[in-house]
Amino acid sequence: EPEVTQTPSHQVTQMGQEVILRCVPISNHLYFYWYRQILGQKVEFLVSFYNNEISEKSEIFDDQFSVERPDGSNFTLKIRSTKLEDSAMYFCASSQQGTGNYGYTFGSGTRLTVV
Amino acid sequence: AQTVTQSQPEMSVQEAETVTLSCTYDTSESDYYLFWYKQPPSRQMILVIRQEAYKQQNATENRFSVNFQKAAKSFSLKISDSQLGDAAMYFCAYRRGYGGSQGNLIFGKGTKLSVKP
Numbered sequence: 026e027p028e029v030t031q032t033p034s035h036q037v038t039q040m041g042q043e044v045i046l047r048c049v050p051i052s053n054h055l056y057f058y059w060y061r062q063i064l065g066q067k068v069e070f071l072v073s074f075y076n077n078e079i080s081e082k083s084e085i086f087d088d089q090f091s092v093e094r095p096d097g098s099n100f101t102l103k104i105r106s107t108k109l110e111d112s113a114m115y116f117c118a119s120s121q122q123g124t125g126n127y128g129y130t131f132g133s134g135t136r137l138t139v140v
Numbered sequence: 095a096q097t098v099t100q101s102q103p104e105m106s107v108q109e110a111e112t113v114t115l116s117c118t119y120d121t122s123e124s125d126y127y128l129f130w131y132k133q134p135p136s137r138q139m140i141l142v143i144r145q146e147a148y149k150q151q152n153a154t155e156n157r158f159s160v161n162f163q164k165a166a167k168s169f170s171l172k173i174s175d176s177q178l179g180d181a182a183m184y185f186c187a188y189r190r191g192y193g194g195s196q197g198n199l200i201f202g203k204g205t206k207l208s209v210k211p
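Protein chains in written order, with our numbering: chain A, 26 to 140; chain B, 95 to 211.
Since the hints were derived computationally from the structure, they do not count as laboratory data.
Where hints are given, some of them may not hold.
Unchecked claim - Here are the computed lysine to aspartate or glutamate pairs in the EDC-like style, where the Cα-Cα straight-line distance is at most 20 Å: (1) A:Lys67 <-> B:Asp120; (2) B:Lys206 <-> A:Glu69; (3) B:Lys203 <-> A:Glu93; (4) B:Lys203 <-> A:Asp111; (5) A:Lys103 <-> A:Glu84; (6) B:Lys203 <-> A:Glu69; (7) B:Lys203 <-> A:Glu84; (8) A:Lys67 <-> B:Glu104.
What the hints assert, rightly or not - Here's a subset of chain A near chain B, in silico, CB distances under 7 Å, partners left out: (9) Phe70; (10) Ser73; (11) Phe131; (12) Ser133.
Only a predicted model underlies this, so the values are computations on that prediction, with no experimental measurement involved.
Cβ atoms here follow ideal geometry from the backbone N, Cα and C, with glycine treated the same way.
Could you build the full structure based on these sequences and the hints that come with them?
Structure representation (structure tokens):
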């Protein structure tokens, strides 16, 4: 069964450093998403991406965050200057359609620890 | 804004028994979709079951079924013949329907299910 692949599985970074989280969505999917889950809390939407541009973003997704699909297969989330409160599990997901009952396929997540 | 509420932070069930996890949501829209996701200790998010709001028939997937009450805005998950592998965090999620929606999921806080042997 096709999978969404995320790398790395765990990243530790110093506060103030830039990090890039990588995702390879399912090849025939058109919609891509990043979600965040702070430990013990619910999963929160960050951003959706379609046709090489952001289609929607939450208030969490401020100027410190950016997304990119640099080569037609990878989908990246960049945090420019990490803060302690950015420590969380980050999930990438993809979907064939942007609406409807198409379920997402989630990746296994990247655990980001900011120290 | 849409909200999803899971009122049971933790639930426990005996192996082979049946358990029901509750979920309510608030929306002014008539077209939407509801999902249950399972998150085992590996923390991967796995789709368990989905329901279209326009369908009256409750969705079923093997041992998993839902009780969708649209008027009450309730969407509970029933797990029959519980297995040890069902132990996980379960998240209820809402997704807007058509009409310009970008389709992001809104999650509840989750219910941690334990299965006792």
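Query raised in the report: Tell me, which hint numbers fail for this structure?
Result: Of the numbered hints given earlier, the structure breaks just one, which is hint 3.
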